[in-house]
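Protein chains in written order, with the working numbering: chain A, 1 to 473; chain B, 474 to 676.
Simulated from the structure, these hints should not be mistaken for laboratory data. Ideal placement from N, C-alpha and C gives every residue a C-beta, glycine not left out. Do not take every clue at face value.
[Unchecked claim] Here are the simulated lysine-lysine pairs, BS3-like style, with alpha carbons at most 27 Å apart:
hint: 1; chain 1: B; residue 1: K475; chain 2: A; residue 2: K167
hint: 2; chain 1: A; residue 1: K167; chain 2: B; residue 2: K639
hint: 3; chain 1: B; residue 1: K595; chain 2: A; residue 2: K167
hint: 4; chain 1: A; residue 1: K269; chain 2: A; residue 2: K168
hint: 5; chain 1: A; residue 1: K170; chain 2: B; residue 2: K475
hint: 6; chain 1: A; residue 1: K53; chain 2: B; residue 2: K475
[As the list claims (entries may be wrong)] Computed Cβ-Cβ distance ranges for the label pairs, DEER-style:
hint: 7; chain 1: A; residue 1: A315; chain 2: B; residue 2: E674; range: 53 to 59 Å
hint: 8; chain 1: B; residue 1: D601; chain 2: A; residue 2: G333; range: 20 to 26 Å
hint: 9; chain 1: B; residue 1: L646; chain 2: A; residue 2: L265; range: 39 to 45 Å
hint: 10; chain 1: A; residue 1: G6; chain 2: B; residue 2: D601; range: 42 to 48 Å
hint: 11; chain 1: B; residue 1: D601; chain 2: A; residue 2: A425; range: 54 to 60 Å
hint: 12; chain 1: A; residue 1: E330; chain 2: B; residue 2: G540; range: 28 to 34 Å
hint: 13; chain 1: B; residue 1: D647; chain 2: A; residue 2: K167; range: 17 to 23 Å
hint: 14; chain 1: A; residue 1: A315; chain 2: B; residue 2: D633; range: 19 to 25 Å
hint: 15; chain 1: B; residue 1: S626; chain 2: A; residue 2: P339; range: 45 to 51 Å
hint: 16; chain 1: A; residue 1: E71; chain 2: B; residue 2: D660; range: 42 to 48 Å
[Stated by the list, open to error] To spell it out: a stretch of chain B is covered by chain A in this simulated footprint if at least three of its residues, at any positions, have a beta carbon under 8 Å from a beta carbon of chain A; those stretches are:
hint: 17; segment: 532-539
hint: 18; segment: 647-653
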Amino acid sequence: MRAMAGKTLYDKIWDAHLVAEQDGEAILYIDLHLIHEVTTPQAFAGLRANGRKVRRPDRTLAVADHNIPTEGQGLGVAAVADEEARLQLATLERNVADNGIEFFPMGDVRNGIVHVVGPEQGRTQPGMTIVCGDSHTSTHGAFGALAHGIGTSEVEHVLATQTLRQKKAKNLRVMIEGTPAPGVGAKDFALAVIGEIGTAGGTGYVIEYAGDAVRALSMEGRMTLCNLTIEGGARAGLVAPDETTFDYLRGRPSAPKGGAWDIALASWKTLFSDPDAVFDREVRIDASAIAPLVTWGTSPEDVVPVTGAAPSPDAFASPDKRASVARALEYMGLEAGQPITSAKVDVVFIGSCTNSRIEDLRVAADIVRGRQVAPGVRAMVVPGSGLVKAQAEEEGLDEIFRAAGFDWREPGCSMCLGMNPDRLAPGERCASTSNRNFEGRQGRGGRTHLMSPAMAAAAALAGRIADVRDYLR
Amino acid sequence: MKPFTRLDARAAPLPLANIDTDQIIPKQFLKTVEREGLSRGLFYDLRFDDAGKPRPDFVLNRPEYAGAGVLVTGDNFGCGSSREHAPWALMDFGVTCVIASSFADIFYNNCFQNGLLPVVLKPDEVQDLMGECQGGNHMVSVDLAAQTVTSPSGKVFTFDIDASRKAKMLNGLDAIGETLSAAADIDAWESRRTLTHPWLERA
Chain A
1 MRAMAGKTLY DKIWDAHLVA EQDGEAILYI DLHLIHEVTT PQAFAGLRAN
51 GRKVRRPDRT LAVADHNIPT EGQGLGVAAV ADEEARLQLA TLERNVADNG
101 IEFFPMGDVR NGIVHVVGPE QGRTQPGMTI VCGDSHTSTH GAFGALAHGI
151 GTSEVEHVLA TQTLRQKKAK NLRVMIEGTP APGVGAKDFA LAVIGEIGTA
201 GGTGYVIEYA GDAVRALSME GRMTLCNLTI EGGARAGLVA PDETTFDYLR
251 GRPSAPKGGA WDIALASWKT LFSDPDAVFD REVRIDASAI APLVTWGTSP
301 EDVVPVTGAA PSPDAFASPD KRASVARALE YMGLEAGQPI TSAKVDVVFI
351 GSCTNSRIED LRVAADIVRG RQVAPGVRAM VVPGSGLVKA QAEEEGLDEI
401 FRAAGFDWRE PGCSMCLGMN PDRLAPGERC ASTSNRNFEG RQGRGGRTHL
451 MSPAMAAAAA LAGRIADVRD YLR
Chain B
474 MKPFTRLDAR AAPLPLANID TDQIIPKQFL KTVEREGLSR GLFYDLRFDD
524 AGKPRPDFVL NRPEYAGAGV LVTGDNFGCG SSREHAPWAL MDFGVTCVIA
574 SSFADIFYNN CFQNGLLPVV LKPDEVQDLM GECQGGNHMV SVDLAAQTVT
624 SPSGKVFTFD IDASRKAKML NGLDAIGETL SAAADIDAWE SRRTLTHPWL
674 ERA
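Next up, chain A with everything else stripped away, as it sits in the complex (with noise of 0.2 Å):
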């Protein structure tokens, strides 16, 4: 350790929420703890069982998103058709009632997804710790908040204790700079990170993004980047907050106010990597050389440029790798050097908590607009919050996504894991604007091919993956 070496932004974070240390493991604090219908039911069980109570309600904000239809969604839980979903979400119902924490049920306009509510009700803010039981929290670290996800047990322990047991991770640096190519994005930013590190190679780190790329980005761009941390292996990803960080909490419901609002952000001002910190691991990205980029396999790290094709099991020194990737391409029912562009699609998904917010459908439906989703393909848009899309309809992106094909639904996780009626079915290809391209993902036998919400609308429209370059007004 070297005394005099300055502070990364996590180390800052770490530090100022450090309450004690118990055998080797920190308690850490955590200011604000997201739950939804899903990860939270054997929680408030564990919790009865043993007469503990939530030591912070009012640190504890509740949503319903991942298994909520996206239709219907004004006639209330009685009529969700799934017996289970609804034995779920009205057990989360109850829990939030008998705890006396905020909740915005289904159908309520600042419903939707717990990553997009968050941000979007100014609860999430820099130097912030925020748990939740989802992988992506990483997605709060836009802010220059400490977010990651966590189990069910340790939601029980959130909810007990207002703190978190925990080992420090090591920091990496992920330095992404030049100006990227139109049609280029922070989605492919993302990939392009994934790509190089692969699957695993944050695995153990916090991730800090910086570079010039980075600061460009807007705050649904840095949410975009974070979200994605986790698909590299890293559970928590940041970016330190600036104006543009400052700009979009200013008037945020749950944003501070007048006085208080100053005395915030004389403090999120401190929050950055000391120009001496010493980073364990740095990784550099250069922005321009980045092309529009599609996943062809079955892990996010099996990225190529849109220009592409599906590789060669040949191409690969491992036996595991030939055998993996052998595997992969069956699945996803591709040959060996099939130019990626010539993958017909079969459904379009512009959503879950990547790319669902307003920036993202306002991307897509530039692209889309005066222009026909191309016949039998089933595209659809789902909002990332009712807020998202109250906006998007009084700016009109919903009638753009209709006129040209796109089916356009009600708030929620949806066919990003498909735990509510919004899936594959067996053997389907997905252009999907989400995060996770696994075996069975979007549904049984369904094929994800990942992208940015601009090649998605690209592919609609194509009917196959298609290079949004060609499409670009």
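Please build the complex by placing chain B on the supplied structure of chain A, with the hints as guidance.
Quick look at chain B alone, frame taken from chain A:
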């Protein structure tokens, strides 16, 4: 939590890398409010065909691996979703130890909350063990106190594990109870925080 001390059990080899938690337990089994009963969904798409019939060649369906208590598998096991249903499903099936060359962070952490021991061995050791378990004898011994895995032929592999996690596993300690013993520290921390970060207090 049930303590984990020592396990003598059949080990099932699953020679795949990057097995994600969606594969360990697919989405349709997450719509439960219970921790129990999840074994029916374990490796569902690998274990069962499109008609819902067991695939006879999948390792956990083969009679010689019936009752397997150990899984031996490839790199980055448990990547993806944070769903704790993954360790719950393994435990419910009877698997209380997974041996791999590496694990994804969240899954690894979730294992320790449930008395499921994740053992990291070197890649060549995992290969060695995997090979042995594909032969006629599949019995391995895992000794947490000694931090050893003994292969069917008697080779002994040692593994590293964090001391505090090891102690909790050996004793089946409740993490919440332990943290609550520091409640006074949490109270004091919160009081200080209210002064330094007043904007975080919600009316």
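So, going through the hints one by one against the coordinates:
Annotation: proposed proximity of B/K475 to A/K167 holds, straight-line Cα distance about 23 Å (limit 27 Å). This hinted pair checks out: A/K167 and B/K639 have alpha carbons roughly 14 Å apart, not beyond 27 Å. Restraint check: the Cα-Cα separation between B/K595 and A/K167 comes to about 22 Å, which is no more than 27 Å; the hinted pair holds. With a CA separation close to 24 Å, the supplied pair A/K269 and A/K168 stays within the 27 Å bound.
Between A/K170 and B/K475 the CA atoms are separated by roughly 31 Å; this puts the pair beyond 27 Å, and the hint is violated. Taking the CA atoms of A/K53 and B/K475, the gap is about 23 Å. The hint holds against a cut of 27 Å. One distance hint, 53 to 59 Å for the beta-carbon pair A/A315 and B/E674, holds here, with the actual separation near 57 Å. At about 35 Å, the CB distance of B/D601 to A/G333 disagrees with the hint of 20 to 26 Å.
The given range of 39 to 45 Å is respected by B/L646 and A/L265, whose C-beta atoms sit roughly 43 Å from each other. Checked against the hint of 42 to 48 Å, the pair A/G6 and B/D601 passes, with Cβ atoms roughly 45 Å apart. Range check, B/D601 to A/A425: about 42 Å between beta-carbon atoms, so the 54 to 60 Å window is missed. In this structure the hint that A/E330 and B/G540 lie 28 to 34 Å apart at CB holds, the actual value being about 31 Å.
The hinted window of 17 to 23 Å between B/D647 and A/K167 holds, with their beta carbons roughly 19 Å apart. Taken as a hint, the range 19 to 25 Å is violated for the pair A/A315 and B/D633, whose Cβ atoms sit roughly 34 Å apart. Between B/S626 and A/P339 the C-beta distance comes to about 49 Å, which sits within the given range of 45 to 51 Å. Take A/E71 and B/D660: their Cβ atoms lie about 47 Å apart, and the range 42 to 48 Å holds.
For the segment 532-539 of chain B, the stated coverage by chain A is violated: 0 residues have a C-beta nearer than 8 Å to a C-beta of that chain, whereas at least 3 were required. Judged by the Cβ-Cβ criterion of 8 Å, the segment 647-653 of chain B is covered by chain A as claimed, because 5 of its residues qualify and three suffice.
Violated hints, listed in ascending order, are 5, 8, 11, 14, 17; each of the other numbered hints is respected by the structure.
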